[in-house]
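K.L.:
Given next are the chains, with one letter for each unit.
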Amino acid sequence: MPNFTAEKRVFINTNMNTITNPLFLQLLVGIFIGLGAGYLGSFMILKRMSLVGDVISHVALPGIAIALIFRINPFFGAFAALFLAIIGIWFLEIKTELPSETLVGIFFALSLAFGILITPEPELLETLFGDITKIGPADALITVALVAIIFFTMFRIYRGLTLSVVSKELAQTMGINVSKISFLFLFLVAIIVALGLKITGVFLMGALVIVPAAAAKNVSIGLTGFTRLAALFGGLSALGGILLANYFNFHPGPIVVLASGVIFLLTLIFKK
Amino acid sequence: MCELLNLLYNLYMANQETILTIENLGVRFDDNEVLRGLNFFVQKGDVLAIVGPNGSGKSVLFRALLGLIPYSGNIQWAPGLKVSYVPQKFNIDKDLPLSVEEFFKFKQKKREEIVSALKAVGITDEHHIEHHILKQRLGWLSGGQLQRVLIAWSILDNPDVLLFDEPTAGIDVGGEETIYNLLKKLKDERGFTVLLISHDLNIVYKYANNVICLNKEMVCYGEPHIVLDPASLAKLYGGEAGFYKHEHEHNH
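From first to last, the protein sequence lines stand for chains A and B. Using this note's numbering, read the first sequence as starting at 1 and increasing by one per residue. Using this note's numbering, read the second sequence as starting at 1 and increasing by one per residue.
No lab work stands behind these hints, which were simulated from the structure alone. Built from N, CA and C at the ideal position, the CB exists for glycine as well. Take the hints with a grain of salt, since some may be wrong.
[To be verified] Okay, derived cross-link-like pairs now, SDA-like style, lysine to any residue, Cα gap no bigger than 25 Å in a straight line: (1) A:K168 - B:G55; (2) A:K168 - B:E166; (3) B:K89 - A:A148; (4) B:K89 - B:R28.
[Unchecked claim] Calculated Cβ distances over 12 Å to all of chain B for the following chain A residues: (5) V165; (6) L170; (7) V219; (8) L223.
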C-alpha cells in the first residue's frame, strides 16, 4: 500500500488514546470518505456520469506508480493523474456536449494497463485494492479537511450544477457559469477519488462513488433527500464495512463496497 | 438635418416603446453561417412568432438574443428589462430526482409566490398543488402539467419579456391550444411581451401580431395574415408551396 504520509507513524501502545487508536482512525477516515463519495456520487448520477466515476479511478494507477518509482507521496501522484484526467473529461464535456463514453472508456482502460505494468510489484496489490489499516493521524487530518472543503464547495455550486442538468441554456440565462462549476465539480471528484484509494484501491473506488448514490436514488423523490441519503449510505457502508472487516479480519476495501451493495439491494425493496 | 431625423426617429421609437432592436444580426459557427442580416424590432406587448423549417436558426436566434452565443451586428434591449426563457431542450426524465418544489426554489422564491404562479397557469386547487404538484418529481408530471409548471417557473420573477422555444413540443393537439390560450391570458393580464418559436402556422395566425419567417435570413417579416402568403411560404419551406407540412424538431 502506498504510504500516504511522508512521516513515519508510531502508535504508542502504552498510551492508546482514542485519537491514535487504529480502528478509530480507520473509521474516521472511512466515514468521511464515504460521506463525501456518496454525496458527490449523487451528482455524478444526476449528470449521468456514472461510468466516468467508475473509470476515473483507474487513471490514478499510473500516477501512483510514477510517484512510487520516484519516491514521492503516492497521494500526490494519484491526484496529479486524476487532475489531468478531469481536465480531459471537462474538455470533452464542454466541447462536444456528448457523453464521450467510448473514448473515456478506452483511455482509462489503457491507463490501467500501463499503470499495472509500471507499478512496483510489492505495492501492486495494495494499490489496486487499497489498505486502510495503514493510515495514520496525518491522513485523518488531511481527509477530514478535504472532505469539509468538498461539502463547503458543493453547497455553493449544487444549485447551478443541478439547473445545468435540467437545461444548460436555462442555467446560463440565470447567470450560472456552467463550464466553471462543471470543472469545480470534477475537481472535487478527483479529490475524493484520490482520498478513497486508501480504502478501496484503484479497482473499487468507482463503486464507492456510485453504489451508495444509486441506492439513494431508489428511495428518494427530491434532490435534497437523494443527496443526503447518498452521503449517509456512503458513510454507513464505510462504517459497516470497516467494522466487519476488523471483526472477521478481512481486507476492508471489498467489504466496504459489498456493504454498499447490501444497502443497494435493501433499497430496491422500497424503490420509488 | 440628419440629427433632426434621428431625433424624430428616436421620439417615434420612444412613443412606441420599442424594447428590442435588431440590426444586421449574424451568427456563424466556424465556417457555417447560421443567421445572416436580420433586422427587426419588438415593441412592448407584442407577440412575435418565429417560424421556419428545421435548422433554419430559430433557436440560434433566441440564444443570440439571450447573449449565450457570439454574434455580429447589434442587439439592443431596452435597459432594465427582465427576460425569461423557456428552452426547447429540457433534460427532465422520470429518473431525475428533483421535486417540483426544489425546482421552483432554485429561483429562491417564497412559497406563496410559487403557489400564486401555479394558480396563474391554471393549477388552482391548493390541496392539489401541495400534495400532487410540489412534492412530485418533476419528471413524473404529465406533458401538459410539466409545460404549465415550466411556464409558472418562467413567470415567477415577473419578467417583462418571455422567450418560448416551441412551448408545446411533445403536447397533443388539444393540449397545445390550451397552452396558447394560457399564454395569451397571461400576456393580457400581466402585459408581457412574448417571443415564441412555433411550428404551427394556425397558432401564429391566431395569437401573434407579428411574424418572422426565418431560413438563415429573414424571408418575411410583418403581420401574419399579410406576410404569410403562398410565395413567402414557398420560399421559406421550399418545394411546392402553400401547404406547410407539420414536422416536429427531433433534436432532444
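K.L.:
Against which earlier hints does the structure fall short, listed by number upward?
P.N.:
3, 5, 6, 7, 8
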